[in-house]
Every structure is written in C-alpha cells, then in structure tokens.
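Taken in sequence, the protein lines are chains A and B. Those letters in the first sequence? Residues 18 to 512, per the numbering used here, in order. Those letters in the second sequence? Residues 466 to 841, per the numbering used here, in order.
It should be emphasised that the hints constitute simulated quantities derived from the structure, not laboratory data. From the three backbone atoms N, C-alpha and C, an ideal C-beta is built for every residue, glycine too. One or more hints might be untrue.
If the Cβ cut is set under 10 angstroms, some of the chain A residues that face chain B in the computed set are [to be verified]:
no.: 1; residue: Ile116
no.: 2; residue: Asn117
no.: 3; residue: Phe123
no.: 4; residue: Gln126
no.: 5; residue: Gly185
no.: 6; residue: Cys187
no.: 7; residue: Trp445
no.: 8; residue: Ala505
no.: 9; residue: Gln510
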Amino acid sequence: MMALNRRRFLQAGGAAAVLGTAGCDAPQQALWPYTGLPGEAKLPFAPPGGGSIDLVSHLLNRLSYGARPGQHGRILRLAKREEEAAARFIDEQLAPEKINDDRAEFRVQRFETLALAPIGEFYEFQPGLLREELTRATLTRAVYSERQLQEVMVRFWSDHFNIDISKGECKWLKPADDRDVIRPHALGRFPDLLAASAKSQAMLTYLDGRANRVRQPGDQPNENYARELLELHTLGVRGGYTQRDVMEVARCLSGWRIGRGLFQNGSVQFEPGLHDGRAKTVLGEAIPARDGMDGRDDFDDVLRIVAAHPSTARHIAAKLCRRFIADEPPAAAIDTVAGVFAKTKGDIRKTLRALFFTDEFRGTRGNKFKQPLHFIASALRATGAESDVGRPLVNYLLRMGHMPFEYPAPDGYPARAEPWMSTLLWRWNFAAKLAKGQIKGSRIDRDRLAKRAGGVAKLAAHLLGRRPSDVELAAATASGNALGLLLASPSFQWS
Amino acid sequence: MKPAKAILHGNGDLQRTLVVVFLRGGADGLALLPAVGDDDYHRARPLTAVGESEAIRLDDRFGLSPVMAALEPAVKEGALSAVHCVGSGDTTRSHFEAQDLMEHGGHTGGGWLGRFLRFREQASGGALSAVALGQAVPESLRGAPSATAMQSLDDFSFSGSDAFVQSLEQLYGGQAGVFGARARDTFDALGRIRDLHANDYSPANGAEYGGGRFARELRLAAQLIQARVGVEAVTVDLGGWDTHLSQAPLISPLLRRLADGLGAFRRDLGAAMQQTTVVVMSEFGRRVSENSALGTDHGRGGAMFVLGGDGAEGRVIADWPGLERDALVGPGDLPVTTDYRDVLIPLLRRHAPGADMAKVFPGHEARPLGEAVERA
C-alpha cells in the first residue's frame, strides 16, 4: 500500500511538492548519511603546481566532469610516477563496474520513476515528472558519481543517439532508453549499443521506426530511422551510402512495432505482416528473401553490416576525438582510434583506452570549451558543493540551452565550442551566485574550502589545473568574490 | 536615459523581437473576431453577438467587439491583421494535445520557436534571446539555445558586484576570436541590464497598461525590448478562455484585457514596433452555437491576430466557409481553412530571412497565406 500511496502522491502533482521541500535548506546531513566528500576528503589538499595543465588535471578535465578537492592528490598517489598514476586512473574509470558508487546511487534513489518496469508503467506518470526526475538524476550523477567516465560517455551516446523527450510518446519512453539502452552499453560494445538503440521503444518512436510498415509490395517504407541510422548513428553523411541503401535498410527494418496487447506491456515485437520479406541489397551485400518470422533476421543482418562498415569506425572515431581531443581533431588520432575500433569490433573501452594514450590526446590541453552541463557539474565538484539538484540549479541548463534530452533534432547537442559561447552571462551569474551560496538547494562550505586549499593561489590552481597567472590572481583578489571570479574566469570555461 | 546604441549579437539595434501571446483554454474565434456582417452569426449567437453597428469594423464581414476599443488605433493605422478559421490539424479537441501540437509546430519534438532560434541563420542566440514571461518556459520554446522564465525584473539580475565585473573585464579583455567577441557582447548586455535595474520604467507616449498579470507582463516585455538586451522572442500567456459556462460575462473582460494590454504595448513601443511583431494564438476555436449553459464547447478553427509596425498589412485573412450547418465540421465547428504555421512562416521569414522553415516546421508543406487550405 505504501508504494501505491507514494505513486498516487507523485501522480497528483507531487513533483512540485518534492521540489518545494528539496529547495529549502533542509537538514541534509540527517537526510543523506552519505553526504560529504568520499575518499579524498580527508587527504591534504594538494593542487597541481605546474605552470600549465598537468597530465592528471587534464585527465580530470576530459574523462570526468572535473576535479573535486583532494582528488588530484589521490590520483597522484596511485603510483610512484605521474605517468603510471594516470594510467591507473584511466583503467579505473574504464571499469566502472568495479567502482563503488553507493553514494551517488543513494542520491538518485529518490527519483523513483527511474526504476519503473515494465515499460507500460511509465505511462501511469505525468510526463513532466518523468522528465524532471530523469534530468535531475542525470545532473546528480554528473556531479556525484564516482564512475565519471561512464557518465561522460552516457552524455556522448545520448547525443549520438539523440531522442528529444518532448516528441510524442518519447515523454514516457525515454527514461527506459536511458536506463536500459544507453547506460548498460555506454562502455560496452558498439554493435550491442546500436542493436539496443534500434529496438528501443523511444527510438522506434522518435525516428518513426514503429511506423515503418510494408503491408503489400507497393507500400513505401518509412525511411526516417534508416536514414539517420546511416547518416548519424553509423557511417556518417559522407560514409559512402546511397539513397538506395537508405530505402533498402528501411525495407529490412520494416515490421517492428511496440506491443500494446495484454501481457505485451510495451515490448518490441516483430510483425511479419508489416515486414517487406523480399530480397534486398544493403551496401553491396545481398539479403535473401525471407518468409514470415524469418524476416526478423534482416534486422541482425543490417545492423551487422552497418556496425562493421569501415566508415562507421571512422565516423565514431572522429566524434570521440572531437569530444576528447579537439573540435577539429587531428587526422592521426582519428586513424589510430578508428583502427582500434575496427580491430576490436567496436569495443568501446579498448577504443577509448587507445584514444587516451595518443600523443594528440596527451598534448592537447585546455582547448575544449565546456558544455553548460560540464561547466555546472565541474563547478559543483570543484567546490565540494552539497546540492539537491533542484529546479533553481537545473534552470541554469535551460538558460544555457543544454537541458538533457531536449535537443530538438536527431543529431544531438553540438560538440564544438562556438554554439555555446553565448552562454557566458549565465556562467558568470552562476559562478557568482554559487560562490555566495545564493543558489537555492546548493550549498558550499567556503571557509572549509579556503582553509583546505591554503590560500587563493592554491584554490586557483585546484580550479584551473595549473598555477594561476599574476593577472588571474590579482583579479581574483580584487573581485571581492575570489571563488566566484575563478569559476567565471576564461580558463574555467575550458577543459 | 536611453542606453547608447551598440551592436548586440550581429543585428544590434535593428534586432527584431517576436512576441507570442498564447490564449490558453481554446479562445472562441467568433468572440475574438466576430462575423458581424454575417446574418448566420447573429442567428447562431442570439445572446452574445456583437451588434453590427457597435463593432469596430475590419471589413464588410468582420469586426472587433467594442470592448477591444484599445486596438482601434492599430486597426485605423493598418497595423493589425486578423486570421479566421485558423488552427492545427488536431482533431482531439483536447487542450493538452492541441496546445502541444501547436507549440511543437507539428508531430515533432521541441518547440517551433525554440527550433527557430536555434536553427536560423547566424544563430548566435544571446544569453537573453528568449524570455518566457511566467513561471515556466512553454513547450514552444523547448530546445531554444537559451530560454529564461521570468516573472519580474528581479529574475534577470546579475549578482556580481562592480568589482567582480571589473575583474572579469580584466581577464576577458585579452581574449581573442569569437570567445573574446562573445565576452564583449556579454559585458555590453550586463551594462544594459544594470541600466534596466537602475532606472524606473515609465511607459512612453502616454501608454497606460492598467493592472493585472497580463498587462504587467506586456509592460515588462516592452521594457526589455526598449532596453535592447538582446531579446528576440517573448512568450506571454493569457488564460481563462475555456468558456463552457455563461461565456458572455467571462469573455468580455478577457477581450478587454487582451486589447488593453496590446494597445498599451503598441503605444509604449512607438517606433520600436517597426522591429516588433506580436502574434496572438490559441489551441483551437469553439463551437459555433451556444450550449444550454450559454457557453461554448471545444471546436476547431479559431482566430489569430498579428500586430506589427511593418509587414502587417492590416487585413483580414479568412477562407470563410460561412456558418451554415453544411459548412461546419464535427459537432458544428468552424473548419480549419488556414494552417497556423502558414501565418507564422512569413513572420519568421521577416525576422530571419535565411531561416530554414523545413527545420522549424518539419513535415509541413507551407502555403502562401490566404490560399485556401483544402478542407478535410
């Protein structure tokens, strides 16, 4: 009965109520026995001391949403030499299943809709509540999860397989896609991720796969998904496919729908009567005519062909290099990464590991403009903030045009810097307010932070990943809000 | 004191602003834009019809209720256009479904206004490019490159002190390229926001907004536009149009509020209306005949208004089927003979000539405004 009451409460517009209480300065220590900084919290605060961004800070910038107080020192202690410590950190992050993440999971447990199953259950909730919980959980994990690379890759794939939650039934279906498709495979094998996405109820809805039906030979398949599968998800727009390939892929994938019947509970089903069973040719490979339920084998064939295509390796490698190295990634790095991707049949961990050991990755630092979510998460992490991740915080994502799951086109949020550069006003405002404790529901212990850092210069080094320049130091001191100023400074906008 | 002219985000002081007024609840098109010259109108609405002689005439057939007198100057100057039998393809007559469909701009994700701001040519989108007046950002702005919900100017403040801003200027002063340029834009915007807070706003040209939330929000919209902080889109809601019961006493004050607000806004902005367009829309119109409770039920085709300083040609666009039973659809509703997107497209083109309408309204086949939409 308890669960039922809880659900009723949630359905009856509990969202506002939940936010309302979370927004006030509740005694969070009592509510959250796991609060406080894990691990490194007790270690001495040992910020980097170099004149430029050191390797460990670079990794924290790129593989995570930024350094927490003490984290830099903890990583350095993983091995005697910096290079070895860096490798240890990379391998740690590449094996998220071995990282205890109870603290973060405890924080997201309160978002009860994340755990709904089967998928039909989601339809019993207000879409606004589902969207809000999913968004808050996303930002909560970005800030508090120990599995930082996993979170970074979840964002990467969420953009790669973008689904705008406001389209039609996606408002009910996207939470399950995030949980069952993107998260389990974010550091898995690309072919598995692709296949899961292709059969995701949310993707079938967003790109009209469920409307791709061929009842009789004259019927035109709906090619929306087929086109984006080739253009965005696999080969890339110049990947060497033709309009004919789009049509053939669409024919292969016709007949998949979301079961509505009793006991089907929204599961994805193959319906032979809606499938084009005749022979096809996809990217030069023949797919035989298939009768009845055998028609569903077309699905496996198509996904195998596109996942293994050399253009796919290059397309994914280029996007990974753009995310982790530079807006215009160097060709040599793309070659290396594409090679490993192809050789390992899309093993995402091995591909990333290779990327993180390229000279291009190691040598290109501080040149990626933080997307708004990265900026906000990094500020909260750097300051050891205690946040309920409520509406006052999330609103900054809205103001900076970076609400998760709300990009209004299939290609996902831009990875390049320029489209985000008009967000400075909100970054400065956020920085000034966070440092002064003026964002409702998010608190930082400024005194403790300053004391642990041991002066403005060291605080700046912690935030910037290097010693501050004289100009930065002078500006921070003169600003009257050194912490806020550093968070708002040009260098903190880049990672 | 008016802030000095400067360039903000490319088109600077020539920046255009689109103000979208959404009448929530399904506003009765025959109350917004009564067919006073049509005998069937008077027969269908015996108790609530606007008399032919008291109406503010727009043409031989259509007029405005006298309670909308505040819009008479706009009518006289040819600045008000009206569209009848306009709406979306939604046939559910459900507020939620119809509003969603209209605000998304079709069966798609994200809002039409959000997509317009994100995908138009030179979509640099300043930090304050889209403002939603009210508690939350409406569906139409989903996916915008920036969207700020505000209820008062306080929601728009910058919390850094002068010393903080000066320190920022020191650090950003040396930044080159697009990053440096955007930083300079932002300092400019900060200055304008400061002026906005420092000076009491007094509406120009003797405009009087009166009380109430809608008037207050339009006043705020005018203030933001005048301050040139880079606002390109404003959304305002006016609710209460779901007049199932005794429509007459409910709808007159709403019509008055709408007209008073818009009239004051236009007067206040004066010459700035040249770069401003106001569009008024609702999710659907209402049943032609009154129900037994002297109200009207959910219908299909409704009315839209466009108020502007340039481009609005002061005309009524109506592929008017008449009010005879045969001309109506479903349980007796005006059909949708003009798609609302075809009203918006020319406005958006004027605001951003290069904008790709296929991206703003995916799947919509645009028709020149005024050309008949095929009847379903």
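Structure-based check of all given hints:
1. Ile116: Violated, about 34 angstroms.
2. Asn117: It is violated, given that the least Cβ distance between A:Asn117 and chain B is near 37 angstroms, above 10 angstroms.
3. Phe123: Status violated, d = 29 angstroms.
4. Gln126: Not OK, violated: A:Gln126 not within 10 angstroms of chain B, min 26 angstroms.
5. Gly185: 7 angstroms, holds
6. Cys187: 7 angstroms, holds
7. Trp445: 6 angstroms, holds
8. Ala505: 6 angstroms, holds
9. Gln510: 8 angstroms, holds
The structure fails to meet hints 1, 2, 3 and 4 from the earlier list, while all remaining hints are met.
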